[in-house]
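Undergrad: Residue numbers (my numbering), protein chains in the order written: chain V, 1 to 279; chain R, 1 to 865.
Heads up, a few of these hints could be off.
Stated by the list, open to error - Facing chain R, a subset of chain V residues (Cβ under 8 Å, in silico): (1) G100; (2) T241; (3) A275.
Unchecked claim - Residues from chain R that face chain V, not an exhaustive set, calculated with beta carbons under 7 Å: (4) Y475; (5) A476; (6) L626; (7) V771; (8) S772; (9) L811.
What the hints assert, rightly or not - Derived lysine-lysine pairs resembling DSS-like cross-links, with alpha carbons at most 30 Å apart: (10) K116(V) / K742(R); (11) K680(R) / K657(R); (12) K116(V) / K478(R); (13) K643(R) / K824(R); (14) K113(R) / K145(R); (15) K252(R) / K39(R).
No lab work stands behind these hints: they were computed from the structure. From a predicted model like this one, the values you see are computed outputs, not experimental measurements. The beta-carbon is built from N, C-alpha and C at its ideal position, and this holds for glycine as well.
So you can see what is in the structure, the chains are spelled out below.
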Amino acid sequence: MSDSPTPYRWSLKARQKSKRVLGESKTLTLDDNLFMAQLQIQLPVPDLFAAASYRGTCIHAVNGEELVTDCSGIVYWPTHQMVLVADLHLEKGASLARRGQLLPPYDTMTTLRRLKHSLDKWHPKSVIALGDSFHDVEASRRLPAQARDSLNEMMRGRQWVWITGNHDPEPPENLGGEVFDELRIDRLILRHEPQRDGDAGELAGHLHPKARLMRRGRSVRRSCFAASTTRMILPSFGAYTGGLNVFDPAFDGLFDARNFHALMRGDEQVYRIAAADLS
Amino acid sequence: MTIETKLTPGTNAATGHPSPRRRPLPPLPHVFLDWFQSKGWAPRDHQLELLQRSLDGQSNLLIAPTGAGKTLAGFLPALIDLYQRPKWKPGQPHRGVHTLYISPLKALAVDIKRNLETPVEEMHLPVEVETRTGDTPSHRRQRQKLNPPDILLTTPEQLALLIANKDADRFFSDLRYVIFDELHSLVTSKRGHLLSLGLARLRSLRPQMQSIGLSATVANPVDLQRWLVGQNVGDARVDHAAGLITVEGGAKPQISILDTAERLPWSGHSARHAVGEIYQTIKSARTAILFVNTRSQAEFLFQNLWRINEDNLPIALHHGSLDVGQRRKVEAAMARNALRAVVATSTLDLGIDWGDVDLVLHIGAPKGASRLAQRIGRANHRMDEPSRAVLVPANRFEVMECKAALDANYLGHQDTPPMRPGALDVLCQHILGMAVAGPFREDDLFEEVVSAAPYCELDWDTFKRCLHFVATGGYALKTYERYAKIKRVENSDSAVGEWRLTHPRIAQQYRLNAGTIYEAPAMTVRLLRFVKRDGKGIAATRGGRSLGKLEEYFLEQMVYGDTFMFAGQIVRFEGIRENEAIVTPTVSKDPMVPIYAGSKFPLTTYLAEHIRAMMADPESWHELPLQVSQWLTIQTRKSVMPKVDQLLVETFPRGDKFYLVVYSFEGRLAHQSLGMLLTKRLERARARPTGFVATDYCICVWGLDDMGALLQAGKLSLAVLFDEDMLGDDLEVWMEDSFMLKRTFRQCALIAGLIEKNHPGKEKSGRQVTVSTDLVYDVLREHEPDHILLQATREDAATGLLDIHRLGDLLARIKGQIIHKNLKEVSPLAVPIMLEIGRETVVGEANETLLAEAAENLISEAMTV
Numbered sequence: 001m002s003d004s005p006t007p008y009r010w011s012l013k014a015r016q017k018s019k020r021v022l023g024e025s026k027t028l029t030l031d032d033n034l035f036m037a038q039l040q041i042q043l044p045v046p047d048l049f050a051a052a053s054y055r056g057t058c059i060h061a062v063n064g065e066e067l068v069t070d071c072s073g074i075v076y077w078p079t080h081q082m083v084l085v086a087d088l089h090l091e092k093g094a095s096l097a098r099r100g101q102l103l104p105p106y107d108t109m110t111t112l113r114r115l116k117h118s119l120d121k122w123h124p125k126s127v128i129a130l131g132d133s134f135h136d137v138e139a140s141r142r143l144p145a146q147a148r149d150s151l152n153e154m155m156r157g158r159q160w161v162w163i164t165g166n167h168d169p170e171p172p173e174n175l176g177g178e179v180f181d182e183l184r185i186d187r188l189i190l191r192h193e194p195q196r197d198g199d200a201g202e203l204a205g206h207l208h209p210k211a212r213l214m215r216r217g218r219s220v221r222r223s224c225f226a227a228s229t230t231r232m233i234l235p236s237f238g239a240y241t242g243g244l245n246v247f248d249p250a251f252d253g254l255f256d257a258r259n260f261h262a263l264m265r266g267d268e269q270v271y272r273i274a275a276a277d278l279s
Numbered sequence: 001m002t003i004e005t006k007l008t009p010g011t012n013a014a015t016g017h018p019s020p021r022r023r024p025l026p027p028l029p030h031v032f033l034d035w036f037q038s039k040g041w042a043p044r045d046h047q048l049e050l051l052q053r054s055l056d057g058q059s060n061l062l063i064a065p066t067g068a069g070k071t072l073a074g075f076l077p078a079l080i081d082l083y084q085r086p087k088w089k090p091g092q093p094h095r096g097v098h099t100l101y102i103s104p105l106k107a108l109a110v111d112i113k114r115n116l117e118t119p120v121e122e123m124h125l126p127v128e129v130e131t132r133t134g135d136t137p138s139h140r141r142q143r144q145k146l147n148p149p150d151i152l153l154t155t156p157e158q159l160a161l162l163i164a165n166k167d168a169d170r171f172f173s174d175l176r177y178v179i180f181d182e183l184h185s186l187v188t189s190k191r192g193h194l195l196s197l198g199l200a201r202l203r204s205l206r207p208q209m210q211s212i213g214l215s216a217t218v219a220n221p222v223d224l225q226r227w228l229v230g231q232n233v234g235d236a237r238v239d240h241a242a243g244l245i246t247v248e249g250g251a252k253p254q255i256s257i258l259d260t261a262e263r264l265p266w267s268g269h270s271a272r273h274a275v276g277e278i279y280q281t282i283k284s285a286r287t288a289i290l291f292v293n294t295r296s297q298a299e300f301l302f303q304n305l306w307r308i309n310e311d312n313l314p315i316a317l318h319h320g321s322l323d324v325g326q327r328r329k330v331e332a333a334m335a336r337n338a339l340r341a342v343v344a345t346s347t348l349d350l351g352i353d354w355g356d357v358d359l360v361l362h363i364g365a366p367k368g369a370s371r372l373a374q375r376i377g378r379a380n381h382r383m384d385e386p387s388r389a390v391l392v393p394a395n396r397f398e399v400m401e402c403k404a405a406l407d408a409n410y411l412g413h414q415d416t417p418p419m420r421p422g423a424l425d426v427l428c429q430h431i432l433g434m435a436v437a438g439p440f441r442e443d444d445l446f447e448e449v450v451s452a453a454p455y456c457e458l459d460w461d462t463f464k465r466c467l468h469f470v471a472t473g474g475y476a477l478k479t480y481e482r483y484a485k486i487k488r489v490e491n492s493d494s495a496v497g498e499w500r501l502t503h504p505r506i507a508q509q510y511r512l513n514a515g516t517i518y519e520a521p522a523m524t525v526r527l528l529r530f531v532k533r534d535g536k537g538i539a540a541t542r543g544g545r546s547l548g549k550l551e552e553y554f555l556e557q558m559v560y561g562d563t564f565m566f567a568g569q570i571v572r573f574e575g576i577r578e579n580e581a582i583v584t585p586t587v588s589k590d591p592m593v594p595i596y597a598g599s600k601f602p603l604t605t606y607l608a609e610h611i612r613a614m615m616a617d618p619e620s621w622h623e624l625p626l627q628v629s630q631w632l633t634i635q636t637r638k639s640v641m642p643k644v645d646q647l648l649v650e651t652f653p654r655g656d657k658f659y660l661v662v663y664s665f666e667g668r669l670a671h672q673s674l675g676m677l678l679t680k681r682l683e684r685a686r687a688r689p690t691g692f693v694a695t696d697y698c699i700c701v702w703g704l705d706d707m708g709a710l711l712q713a714g715k716l717s718l719a720v721l722f723d724e725d726m727l728g729d730d731l732e733v734w735m736e737d738s739f740m741l742k743r744t745f746r747q748c749a750l751i752a753g754l755i756e757k758n759h760p761g762k763e764k765s766g767r768q769v770t771v772s773t774d775l776v777y778d779v780l781r782e783h784e785p786d787h788i789l790l791q792a793t794r795e796d797a798a799t800g801l802l803d804i805h806r807l808g809d810l811l812a813r814i815k816g817q818i819i820h821k822n823l824k825e826v827s828p829l830a831v832p833i834m835l836e837i838g839r840e841t842v843v844g845e846a847n848e849t850l851l852a853e854a855a856e857n858l859i860s861e862a863m864t865v
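Turn these sequences into a full structure, and let the hints guide you.
TA: Encoded structure:
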């Protein structure tokens, strides 16, 4: 494997922590080459379909980029050996506990263990968390030592990017990783909250999509990837995060009527269901 | 301590018959006597008996049929005491509530107020009577707290809020009587558990307070007698139970089963075949109530009656989903005697007086003898005249069920559900409520809690675990100490610390979430004349009439253009707008989406026994309609009829599948559990089952392998299949993953205060804040399988949705009594359940299969290795 930067064209909006003021969305453009050197992106895996990991996945192209959706709820981008994950909502349990709902305090570790499982499966060179990685601004400070260790271990030897979200507008404390409001890689743009009039090729989270299938008087509800040829919204990965039906008004304007798919998460497989078949 | 008296209406002073008296009954104050005389009445024996015992300081349970003057009996001691007590003088502090009346229904409390005002006004009694329900405006509640009425009529939920208050002691400072109306309907639910804890608190506040329970006839009155008084107190050798006064039923009801000239259906519950005959029966009566079991049946029957209503009889519809305004209109029309018939579900089961009903028609299976008796009692409120009732079975098994219930009714047998030990989630809610009321010592609270009958066997350890759950969630990981809701504060002057709220906000949270009734989320259904649509759906439209509320899960499965029956008409689904379902009128005659769920009760054990006995005894078949007895006779020829103690299992092929039918008669819930476990076992035995369906009467499993041949070859053993060890590991494994357990967990989590109720207007907005209880369940099960809330969930499911106890009884009963009949084709007895396949939900059918069917995975499958 070569250490040389890939020939792909990158553009990105990055942010310097020191210049960050709460509520202000200041963006800086870093030098492309400098960033690429930091990323040390590898060339794509030579044989896309050889690995057993692909069993049960669905391959979906957004803006021409082929992405692998895994039933654990992550996206693997073979071109860059990159894992994308949305809405981890770490420390959601503790956050709710503070307001009087004493949910079991195991959600952070459960989420991280599931994430580690995915990373062990895909061995990505880089990981991009698409925002709302922490349930509140103090969550990263509050992170139990065990969770911090586990996270550090996953981050070691990898490029790790935190995209900011509405729950975590501030960069996490003492955790490392790059922090961006949004990021452009090849023909894709990665951000937390999907934008209605944004460019094609958007990968986002925020909405926690779930879909509902009715057959023979029975219904199945599952969290899903909502995806068209120009956009994909990832399911939420966090252990306590509820979902929102893809036909909720919050999705209005993001997809062209019923011309999209829900990649529904089964127990061991992702099922690709046309929106027209959902309810 | 128990005193039992049985009184029959024949010994009634009102009817002038002499009555044998054990002792002289108390004289009434002349104001009361005059009032009775002015009405042309005389006080009845049970009214006087209850009064005397109340004067003696005893708590009592009064069991009497409707129309026996039960309510007046309950209030008489209070009214007399209030009449005789010294006048309140200006300048004295306000007096607290003297008598608390608790009813299961808001409407009943309001109705009682009306009925009570008449004697109070006519006798000029110095008594203030007020209601306090969820509908009471806040300024009135506020005023009531400062200046409580003498008699307060309220609901269990309001009592929970009243005692969870710093001022509870003052509010109840003069409490003398607590009256529980329709006690039988309260005690078996979690609502009753919470109420029993509330009663325990009232006893702690006012040890001299007396309770009076009013109830319809029940199977075990002693359960209710114990419920009314404190347990685990004083002398352990004494039976702590309230006294009992029973008034025997009046004239025997005249009940018949509709003997239809039409062909009796094999399955289904609609009684479509008998609509014409039902209509003729209505015409023969002045006013009739038509009871059905589910809301969809009510809608169906109502539609079909109006289709043939040539005489334009005023026939109305009444069920729990309808708009409150519409329901009130129907009730008012009933009271005015302006209706000839009303089709109703269990919403009309209880208490309120609905005018001169002279006929009850019960359509479909009665499900329980006591339930049927209560419903029949709705006809005719004068107890010395017989009520008239007609049972209309909707299919052949229901004929036998009706017959069994009818026999039971004549025999006066009761099969009310048994009492269950107090639920732990309810206890958790109560503990927090008591902390809201003020600081408490844990041993004091424990003593109080175990004085409530449902909790009398609670152990200290479990209580402590509930306490810690309330404080910090009760997790092994102590991360939430700093977020504790209640904390133990050590007191310098006492050895034991006191538990206190950590923040006033917790009290507010408690008040918003108190109660044990959590209904499935429902949406208002709004009827518009027409709907404008734009590209996205329904254009903003105003107005329209609210028809009522329906469950979200039902509405969500609809697509634009679907038609369904609701509020007595067929409507077309247009879409959902801002949390309302929009519908328009349609000319369509046949609704496309026929069913929405309603309450379904399982068949009671008692009726099941009777049906088994009836089937096993060909001598009794001549009492059944010819169509039914012929059906049973052919069964004996083509297969076999099981004896009373036997369990019949039939196997036969049909189409490309093989079927196994089990005739166990244990009710739908137990059958669903049995079906799940059976299929698991058959799977393990490699018999390749692919699905099952369960009814109240039997279970049918089908699969790809010839189960009959496997059984005959000895490769499969029924004794092993139905062994009791099924309820061991298999049950554990299945329960853990069961969606029913998740549903139960959600209930428990809401009641125990782990998660908060969604409040109207607040829901949906905070989707990032909402928590999926399914996911919480998974996480908790993984990390703390023995958590108190999981324990509560399992106990709940075992008695409730899964009916494990009943399943256990069945397995024990049929040991060595299973007979197998391998047939070439379907047997007569199997026809009804075969027809249910595809109609009833097939429980546990793999969701993944559904997904796979709909998935367009071909491309990706071709591309993946």
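Undergrad: Does each hint hold? Answer for all of them.
TA: Structure-based check of all given hints:
About 5 Å separates the beta-carbon of G100(V) from the nearest beta-carbon of chain R, less than 8 Å, and the hint is met. This hint holds: T241(V) has a C-beta 7 Å from the nearest C-beta of chain R, less than the 8 Å allowed. Below 8 Å, beta-carbon pairs count as interface contacts, and A275(V) has none with chain R, the closest being about 11 Å; its hint is therefore violated. At its closest, the beta carbon of Y475(R) sits 6 Å from a beta carbon of chain V; the interface hint therefore holds under the 7 Å criterion.
With 7 Å as the threshold, the beta carbon of A476(R) stays out of range of chain V, its nearest partner Cβ sitting at about 9 Å, so the hint is violated. Hint status for L626(R): violated, given a least beta-carbon distance of 36 Å to chain V, over 7 Å. Nearest Cβ of chain V to the Cβ of V771(R): about 5 Å, under the 7 Å cut. The hint holds. Contact between S772(R) and chain V, as hinted, is supported at the beta carbon level, the nearest pair being about 4 Å apart and thus within 7 Å.
A cut of 7 Å between beta carbons decides the hint on L811(R): the least distance to chain V is about 29 Å, and the hint is violated. Of the supplied pair hints, the one linking K116(V) and K742(R) holds, its CA atoms being roughly 27 Å apart against a limit of 30 Å. Restraint check: the Cα-Cα separation between K680(R) and K657(R) comes to about 18 Å, which is no more than 30 Å; the hinted pair holds. For the suggested pair K116(V) and K478(R), the alpha carbons sit about 25 Å apart, so the restraint of at most 30 Å is met.
For the hint pairing K643(R) with K824(R), the CA-to-CA distance comes to about 22 Å; that is within 30 Å, so the pair holds. With a CA separation close to 19 Å, the supplied pair K113(R) and K145(R) stays within the 30 Å bound. A hinted pair counts as satisfied when its Cα atoms are at most 30 Å apart, and K252(R) with K39(R) qualifies at roughly 27 Å.
Consistency with the previously given hints fails for numbers 3, 5, 6 and 9, ordered from lowest to highest.
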